[in-house]
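Undergrad: The listed protein sequences correspond, in order, to chains A and B. So the first sequence is numbered by numbering that gives the first Met the number 0: it starts at 0 and just counts up by one. So the second sequence is numbered by numbering that gives the first Met the number 0: it starts at 0 and just counts up by one.
Honestly, the hints are just simulated from the structure, not real lab data. Please note that the accuracy of each hint is not assured.
Stated by the list, open to error - The following label-pair restraints were derived from C-beta to C-beta distances: (1) B:9 <-> A:41: 40 to 46 angstroms; (2) B:18 <-> A:72: 55 to 61 angstroms; (3) A:132 <-> B:39: 35 to 41 angstroms; (4) A:271 <-> B:175: 44 to 50 angstroms; (5) A:180 <-> B:50: 50 to 56 angstroms; (6) B:144 <-> A:146: 55 to 61 angstroms; (7) B:35 <-> A:105: 50 to 56 angstroms; (8) A:183 <-> B:39: 24 to 30 angstroms; (9) B:151 <-> A:105: 31 to 37 angstroms; (10) A:198 <-> B:122: 50 to 56 angstroms.
Cβ coordinates follow ideal geometry from the N, Cα and C atoms, glycine included.
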Amino acid sequence: MPAPALAGGPGEDEAVTQPGIEVEHLRKEFGDKVAVADISFTVPGGTLLGLLGSNGAGKTTVINCLTTLVEPDGGRAAVAGHDVVAQPRQVRESIALTGQFAALDEVLSGRENLVLFGRLLRLGRTGARQRAEELLDRFHLTEAADKPVKSYSGGMRRRLDLAASLVVERPVLFLDEPTTGLDPRSREEMWQLIRQLRDGGSTVLLTSQYLEEIDRLADRVVVLDDGQVIAEGTTDELKERVGGQVCEIEVPVPEKEAAAAALRSGLGEVAERGGALVVPAPRARTLADVVRLLEEAGIEAENVALRKPTMDEVFFAFTSDGTQRPNAERSGV
Amino acid sequence: MTAATGTEHGIGNLAAQGSALAGRNLRQRANAEMLVVFGVFPVIFVFGFLLLFGRLFAERGLDYAQFLPPAIVAQWMFTVANTSGAASAADRASGMLTRCLSMPVNRAAVVVGRLASDAVWAVLAVVVISATGYVAGFRFQGGALAVLGFVLLAVAFALTLTAATTAVGLSSTDPEAVAATLNLPYLALIMLSTAFVPADAFPGWLEPVIRYSPVSVVIEALRSLASTTPSWGKVWPAVAWLAGLLVIFSWAAARAFRRAR
Ligand SMILES: Nc1ncnc2c1ncn2[C@@H]1O[C@H](COP(=O)(O)OP(=O)(O)O)[C@@H](O)[C@H]1O
Ligand SMILES: [Mg+2]
Numbered sequence: 000m001p002a003p004a005l006a007g008g009p010g011e012d013e014a015v016t017q018p019g020i021e022v023e024h025l026r027k028e029f030g031d032k033v034a035v036a037d038i039s040f041t042v043p044g045g046t047l048l049g050l051l052g053s054n055g056a057g058k059t060t061v062i063n064c065l066t067t068l069v070e071p072d073g074g075r076a077a078v079a080g081h082d083v084v085a086q087p088r089q090v091r092e093s094i095a096l097t098g099q100f101a102a103l104d105e106v107l108s109g110r111e112n113l114v115l116f117g118r119l120l121r122l123g124r125t126g127a128r129q130r131a132e133e134l135l136d137r138f139h140l141t142e143a144a145d146k147p148v149k150s151y152s153g154g155m156r157r158r159l160d161l162a163a164s165l166v167v168e169r170p171v172l173f174l175d176e177p178t179t180g181l182d183p184r185s186r187e188e189m190w191q192l193i194r195q196l197r198d199g200g201s202t203v204l205l206t207s208q209y210l211e212e213i214d215r216l217a218d219r220v221v222v223l224d225d226g227q228v229i230a231e232g233t234t235d236e237l238k239e240r241v242g243g244q245v246c247e248i249e250v251p252v253p254e255k256e257a258a259a260a261a262l263r264s265g266l267g268e269v270a271e272r273g274g275a276l277v278v279p280a281p282r283a284r285t286l287a288d289v290v291r292l293l294e295e296a297g298i299e300a301e302n303v304a305l306r307k308p309t310m311d312e313v314f315f316a317f318t319s320d321g322t323q324r325p326n327a328e329r330s331g332v
Numbered sequence: 000m001t002a003a004t005g006t007e008h009g010i011g012n013l014a015a016q017g018s019a020l021a022g023r024n025l026r027q028r029a030n031a032e033m034l035v036v037f038g039v040f041p042v043i044f045v046f047g048f049l050l051l052f053g054r055l056f057a058e059r060g061l062d063y064a065q066f067l068p069p070a071i072v073a074q075w076m077f078t079v080a081n082t083s084g085a086a087s088a089a090d091r092a093s094g095m096l097t098r099c100l101s102m103p104v105n106r107a108a109v110v111v112g113r114l115a116s117d118a119v120w121a122v123l124a125v126v127v128i129s130a131t132g133y134v135a136g137f138r139f140q141g142g143a144l145a146v147l148g149f150v151l152l153a154v155a156f157a158l159t160l161t162a163a164t165t166a167v168g169l170s171s172t173d174p175e176a177v178a179a180t181l182n183l184p185y186l187a188l189i190m191l192s193t194a195f196v197p198a199d200a201f202p203g204w205l206e207p208v209i210r211y212s213p214v215s216v217v218i219e220a221l222r223s224l225a226s227t228t229p230s231w232g233k234v235w236p237a238v239a240w241l242a243g244l245l246v247i248f249s250w251a252a253a254r255a256f257r258r259a260r
């Protein structure tokens with residue numbers, strides 16, 4: 000009788016969870032450029048992991064290794080239980096990739112693109128056509144279906160690109176910066192679609208430069224910098240550590256030193272970003288604290304505002320609470 | 000989760016995926032520009048050159064209407080190959096190549112699809128140019144087998160060139176730069192061949208270069224196959240040249256393909 004063995008024993012998770020993505024000490028170099036130094040993480044089956052990192056952090060290289068597009072130089076990785084180096088064919092049969100840039104035929108229409116991918120995936124002519132109709136409908140592209148892709152807006156192109164990855168449903172999905180360059184409305188639509196995929200039981204690896212995006216979608220986050228993992232946890236853990244928001248203070252240049260000292264005495268950390276002072280603002284009352292501290296020091300601020308932290312400030316937060324950061328210099332996001 | 004759909008091994012997948020990609024390649028270029036390139040330009044070239052040189056060569060006892068069309072065919076095989084090289088660069092730039100490689104699509108299907116669509120363009124060009132030539136007085140004089148040989152050799156020439164232009168195309172992500180780059184060797188090779196004038200019209204020191212250039216050898220083989228006396232002696236040097244070049248160009252193309260992700 001198998002039931003008792005599954006009921007809450009220590010092996011329970013392994014028994015019910017399908018394999019997702021496992022990455023151990025992955026390494027990839029291009030010439031003498033180390034794109035991925037040493038990265039390990041796991042995406043349990045049926046969950047969405049966000050890979051957060053600024054431009055050049057190594058996100059796309061990780062995805063390329065996991066989708067068999069490049070061979071890693073070190074470490075190992077398995078996708079849906081298949082080793083990416085030893086069983087690339089089985090990996091490709093288990094995955095779908097939506098790359099960083101829409102990979103479509105610009106001359107063909109949206110429908111023709113989907114039919115082409117359906118035929119490449121051996122759905123047959125009729126099967127491919129049927130599937131294309133379903134996807135056009137689901138992704139709100141029916142109206143533009145017969146127009147060439149080069150006439151599509153950024154948002155439509157992205158939707159079609161995602162649809163093209165779903166022609167055959169796969170257990171593991173890779174989405175590389177799916178909303179970069181989209182306007183807020185298209186981004187919101189994309190998020191909606193990604194949420195549906197997550198809720199449908201797919202294992203998803205999503206990369207992004209935006210904390211907010213990961214926050215909206217991911218169960219867990221891995222933060223990459225310079226080819227290494229610098230932080231890992233649930234979105235809530237990460238948010239707690241980053242503080243969710245930062246407070247940016249602009250003061251006249253001569254008074255900056257004094258203002259920084261006053262804020263430091265009251266709030267701990269102060270950073271300088273592009274001429275303004277920045278402090279983590281985990282609670283809304285940090286704003287009040289800032290105003291009070293400046294007032295007490297007799298300094299009049301030109302502007303005080305709460306905003307979302309940038310990637311740099313996320314890194315700043317991690318390094319300031321002791322997490323090692325391999326490369327202190329960075330050129331911004 | 001559909002496990003059975005989307006596999007890449009075996010000849011069945013290669014054929015199906017190759018033909019899907021070939022269809023896409025053809026559909027992608029079935030536009031007004033290609034209609035001009037394959038329908039209008041050959042006509043202009045055939046009649047233009049005939050007007051320019053026809054009478055001049057008639058004085059020297061050369062039937063230019065019979066001499067010219069095989070050269071225009073060779074020229075158009077370059078056009079097929081150069082267009083294909085630019086298309087390879089475009090596929091790399093647009094991410095289409097990457098997408099295909101991340102899917103369970105037979106690796107060779109990408110190549111087969113490209114070669115198949117190029118072969119279709121090549122045959123189309125041979126048909127249009129021969130038909131135009133026919134109006135101007137060109138005739139296939141050596142029988143059905145020679146006509147078949149003519150078409151096969153022209154297509155083989157186009158596909159050999161395609162291997163070279165694919166190597167160039169896959170090393171770039173800029174289709175326009177590829178097209179511009181490929182124009183140089185194309186012009187040099189066509190000019191320095193017996194395409195438009197016989198070898199003895201060149202300065203003496205240049206004559207051997209002209210005579211033994213692979214482009215001349217192929218064009219002479221095509222002329223022979225269109226003549227009253229098709230000769231194996233003219234055809235086998237062309238076949239040998241193409242076989243040798245195909246080995247080198249395929250190696251270069253395969254290397255570029257491996258690096259093109
Ligand atoms: N094919 C390549 N050749 C050389 N360097 C590369 C190549 N691909 C990526 N890199 C380098 O590796 C680093 C990581 O790149 P990438 O994985 O694209 O980062 P991300 O996707 O996070 O922006 C960058 O510094 C990039 O310049
Ligand atoms: Mg990237």
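Undergrad: List in ascending order the numbers of the hints, as given earlier, that are violated by the structure.
TA: Hints 1, 2, 6, 7 and 8 are the ones this structure does not satisfy, whereas the remaining hints hold.
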